[in-house]
Amino acid sequence: MKNQLNWQATVKPACQQTYLYALPIGQLKITIQANCLLNMTWVTTNSVCSTHDEFRYIPLQGISLYSFDSINYFAPIQVLLKHLWWQQPPTTIDIPLLLQGTNFQRQVWQALSDIPSGQTRTYGKLADNLSTSPRALANACRKNPFPFIIPCHRVLAKSGIGGYAGQTTGPLIAIKSALLQHEQDLKHEL
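Each residue of the sequence shown is one higher than the one before, starting from 1 at the first, in my numbering.
Just so you know, the hints here were simulated from the structure itself, not pulled from any lab data. Some hints could be false.
Unchecked claim - Straight line, CA to CA, 27 Å or less: simulated DSSO-like cross-link-like pairs of lysine-lysine:
no., residue 1, residue 2
1, Lys82, Lys187
2, Lys29, Lys82
3, Lys125, Lys187
4, Lys143, Lys158
Unchecked claim - Derived DEER-like restraints, expressed as beta-carbon distance ranges:
no., residue 1, residue 2, range
5, Lys158, Ser131, 12 to 22 Å
6, Thr168, Asp128, 28 to 38 Å
7, Asn103, Gln184, 30 to 40 Å
These numbers come from a predicted model, not from an experiment. Glycine residues also receive a C-beta, built at the ideal position from the N, C-alpha and C atoms.
Whenever a hint applies, use it, and build me the whole structure from the sequences.
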(Lines of atoms letter the chains of each structure in order from A; the text may use other names.)
(Lines give C-alpha, C1' and ligand atoms only; values in the text may rest on other atoms or scores of the structure.)
Protein backbone atom coordinates (compact mmCIF):
# COMPACT_ATOMS: atom_id res chain seq x y z
CA MET A 1 0.00 0.00 0.00
CA LYS A 2 1.31 3.43 -0.89
CA ASN A 3 1.96 6.10 1.68
CA GLN A 4 0.18 9.33 0.86
CA LEU A 5 1.97 12.54 1.81
CA ASN A 6 -0.19 15.38 3.11
CA TRP A 7 1.13 18.58 1.47
CA GLN A 8 -0.14 21.91 2.75
CA ALA A 9 0.28 24.96 0.52
CA THR A 10 0.07 27.62 3.21
CA VAL A 11 0.84 27.80 6.89
CA LYS A 12 -1.22 29.64 9.49
CA PRO A 13 0.62 32.66 10.90
CA ALA A 14 2.17 31.50 14.14
CA CYS A 15 5.46 31.30 15.91
CA GLN A 16 7.81 28.64 14.75
CA GLN A 17 8.76 25.94 17.20
CA THR A 18 12.04 24.09 16.82
CA TYR A 19 12.78 20.80 18.53
CA LEU A 20 15.64 18.37 18.75
CA TYR A 21 14.38 14.81 18.66
CA ALA A 22 16.87 12.22 19.86
CA LEU A 23 17.05 8.87 18.11
CA PRO A 24 19.68 6.24 18.92
CA ILE A 25 21.53 7.12 15.70
CA GLY A 26 21.44 10.91 15.96
CA GLN A 27 19.31 13.98 16.51
CA LEU A 28 16.72 15.46 14.19
CA LYS A 29 16.15 19.21 14.21
CA ILE A 30 12.46 19.68 13.51
CA THR A 31 10.78 23.01 12.77
CA ILE A 32 7.01 23.41 13.06
CA GLN A 33 4.77 26.39 12.44
CA ALA A 34 1.19 26.03 13.66
CA ASN A 35 0.34 22.42 12.89
CA CYS A 36 2.55 22.20 9.79
CA LEU A 37 5.95 20.55 9.60
CA LEU A 38 8.30 23.04 7.90
CA ASN A 39 11.47 20.94 7.74
CA MET A 40 13.70 18.48 9.49
CA THR A 41 17.44 17.96 9.28
CA TRP A 42 19.96 15.70 10.95
CA VAL A 43 22.17 17.57 13.41
CA THR A 44 25.83 16.68 13.01
CA THR A 45 29.04 18.13 14.37
CA ASN A 46 29.30 20.00 11.06
CA SER A 47 25.86 21.58 11.49
CA VAL A 48 25.43 25.32 11.63
CA CYS A 49 23.90 25.12 15.14
CA SER A 50 26.35 26.67 17.55
CA THR A 51 24.01 26.61 20.52
CA HIS A 52 21.09 24.39 21.32
CA ASP A 53 19.48 26.77 23.82
CA GLU A 54 16.75 27.68 21.30
CA PHE A 55 15.59 24.07 20.93
CA ARG A 56 13.24 21.90 22.90
CA TYR A 57 14.78 18.52 23.57
CA ILE A 58 12.55 15.53 23.00
CA PRO A 59 14.21 12.20 23.79
CA LEU A 60 12.94 9.07 22.04
CA GLN A 61 11.01 8.14 25.17
CA GLY A 62 9.03 11.35 24.81
CA ILE A 63 10.07 13.15 27.98
CA SER A 64 10.48 16.87 27.48
CA LEU A 65 13.23 18.66 29.34
CA TYR A 66 11.45 21.95 28.66
CA SER A 67 7.79 22.76 29.18
CA PHE A 68 5.71 23.12 26.04
CA ASP A 69 3.63 26.08 25.00
CA SER A 70 -0.07 25.81 25.72
CA ILE A 71 -0.54 24.37 22.21
CA ASN A 72 1.78 21.46 21.55
CA TYR A 73 1.97 20.92 17.80
CA PHE A 74 4.86 18.50 18.24
CA ALA A 75 2.86 15.72 19.93
CA PRO A 76 1.45 14.17 16.71
CA ILE A 77 4.84 14.48 15.01
CA GLN A 78 6.45 12.74 17.97
CA VAL A 79 3.96 9.87 17.61
CA LEU A 80 4.72 9.65 13.88
CA LEU A 81 8.49 9.55 14.48
CA LYS A 82 8.10 6.76 17.03
CA HIS A 83 6.01 4.77 14.57
CA LEU A 84 8.57 5.26 11.82
CA TRP A 85 11.47 4.31 14.08
CA TRP A 86 9.76 1.14 15.29
CA GLN A 87 8.56 0.26 11.76
CA GLN A 88 4.87 0.71 12.32
CA PRO A 89 4.36 3.38 9.67
CA PRO A 90 0.87 4.65 9.01
CA THR A 91 -0.36 4.43 5.42
CA THR A 92 -1.13 8.14 5.46
CA ILE A 93 1.16 10.82 6.84
CA ASP A 94 -1.51 12.92 8.57
CA ILE A 95 0.94 15.60 9.62
CA PRO A 96 0.69 18.49 7.16
CA LEU A 97 4.03 19.02 5.39
CA LEU A 98 4.80 22.50 4.06
CA LEU A 99 4.43 22.34 0.28
CA GLN A 100 7.95 22.69 -1.03
CA GLY A 101 9.93 21.79 -4.10
CA THR A 102 9.03 21.46 -7.72
CA ASN A 103 6.41 19.08 -9.08
CA PHE A 104 9.25 16.76 -10.12
CA GLN A 105 10.80 16.80 -6.64
CA ARG A 106 7.44 16.02 -5.03
CA GLN A 107 6.97 13.16 -7.52
CA VAL A 108 10.36 11.75 -6.47
CA TRP A 109 9.58 12.25 -2.77
CA GLN A 110 6.28 10.38 -3.18
CA ALA A 111 8.15 7.52 -4.92
CA LEU A 112 10.63 7.44 -2.02
CA SER A 113 7.74 7.22 0.43
CA ASP A 114 6.47 4.15 -1.41
CA ILE A 115 9.68 2.14 -0.80
CA PRO A 116 8.85 -0.29 2.01
CA SER A 117 10.93 -0.26 5.16
CA GLY A 118 13.74 -2.79 5.01
CA GLN A 119 13.95 -2.54 1.22
CA THR A 120 16.13 -0.40 -1.01
CA ARG A 121 16.19 0.76 -4.61
CA THR A 122 19.07 1.97 -6.73
CA TYR A 123 19.11 5.48 -8.14
CA GLY A 124 19.11 3.93 -11.62
CA LYS A 125 16.10 1.66 -11.05
CA LEU A 126 14.03 4.36 -9.38
CA ALA A 127 15.03 6.84 -12.10
CA ASP A 128 13.86 4.36 -14.77
CA ASN A 129 10.53 3.98 -12.98
CA LEU A 130 10.11 7.77 -13.00
CA SER A 131 11.44 8.22 -16.57
CA THR A 132 14.26 10.47 -15.44
CA SER A 133 18.02 10.31 -14.93
CA PRO A 134 19.77 9.02 -11.81
CA ARG A 135 21.44 12.42 -11.38
CA ALA A 136 18.10 14.28 -11.44
CA LEU A 137 16.70 11.78 -8.95
CA ALA A 138 19.73 12.20 -6.67
CA ASN A 139 19.34 15.98 -6.79
CA ALA A 140 15.69 15.66 -5.74
CA CYS A 141 16.78 13.37 -2.90
CA ARG A 142 19.31 15.98 -1.79
CA LYS A 143 16.53 18.59 -1.57
CA ASN A 144 14.29 16.33 0.56
CA PRO A 145 13.11 18.59 3.42
CA PHE A 146 11.86 15.67 5.52
CA PRO A 147 14.49 12.92 5.77
CA PHE A 148 13.31 10.03 7.87
CA ILE A 149 9.67 10.75 6.96
CA ILE A 150 10.48 10.68 3.23
CA PRO A 151 13.05 7.85 3.32
CA CYS A 152 15.73 8.90 0.83
CA HIS A 153 18.15 6.71 2.81
CA ARG A 154 16.58 3.70 1.03
CA VAL A 155 18.08 4.74 -2.32
CA LEU A 156 21.55 3.35 -3.06
CA ALA A 157 24.13 3.73 -5.79
CA LYS A 158 24.60 0.62 -7.92
CA SER A 159 28.17 0.38 -6.62
CA GLY A 160 27.51 0.97 -2.93
CA ILE A 161 25.72 3.12 -0.42
CA GLY A 162 25.82 6.34 -2.46
CA GLY A 163 25.21 9.74 -0.93
CA TYR A 164 22.85 11.09 1.69
CA ALA A 165 21.63 14.65 2.16
CA GLY A 166 24.28 15.96 -0.19
CA GLN A 167 27.22 14.11 1.37
CA THR A 168 29.17 11.14 0.06
CA THR A 169 31.35 10.81 3.17
CA GLY A 170 31.05 11.87 6.77
CA PRO A 171 28.49 11.74 9.55
CA LEU A 172 25.40 11.72 7.33
CA ILE A 173 26.63 8.60 5.52
CA ALA A 174 27.04 6.96 8.92
CA ILE A 175 23.43 7.93 9.71
CA LYS A 176 22.25 6.48 6.38
CA SER A 177 24.08 3.22 7.10
CA ALA A 178 22.65 3.09 10.62
CA LEU A 179 19.10 3.69 9.35
CA LEU A 180 19.44 0.90 6.80
CA GLN A 181 20.90 -1.47 9.39
CA HIS A 182 18.18 -0.60 11.90
CA GLU A 183 15.47 -1.34 9.32
CA GLN A 184 17.12 -4.67 8.44
CA ASP A 185 17.37 -5.61 12.12
CA LEU A 186 13.68 -4.85 12.68
CA LYS A 187 12.72 -6.73 9.52
CA HIS A 188 14.45 -9.86 10.83
CA GLU A 189 12.81 -9.49 14.25
CA LEU A 190 9.31 -9.56 12.74
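Here's how the hints hold up against the structure:
1. For the given pair, lysine 82 sits about 16 Å from lysine 187 by alpha-carbon distance, which is consistent with the 27 Å threshold.
2. For a cut-off of 27 Å, the pair hint linking lysine 29 to lysine 82 stands: about 15 Å separates their Cα positions.
3. Taking the CA atoms of lysine 125 and lysine 187, the gap is about 22 Å. The hint holds against a cut of 27 Å.
4. The straight-line distance between the Cα atoms of lysine 143 and lysine 158 is roughly 21 Å, inside the 27 Å bound, and the hint therefore holds.
5. Remark: the range hint 12 to 22 Å for lysine 158 to serine 131 is upheld by a beta-carbon distance near 18 Å.
6. Between threonine 168 and aspartate 128 the beta carbons are some 22 Å apart, a value that contradicts the proposed interval 28 to 38 Å.
7. In this structure the supplied range 30 to 40 Å holds for asparagine 103 paired with glutamine 184, their Cβ-Cβ distance being about 33 Å.
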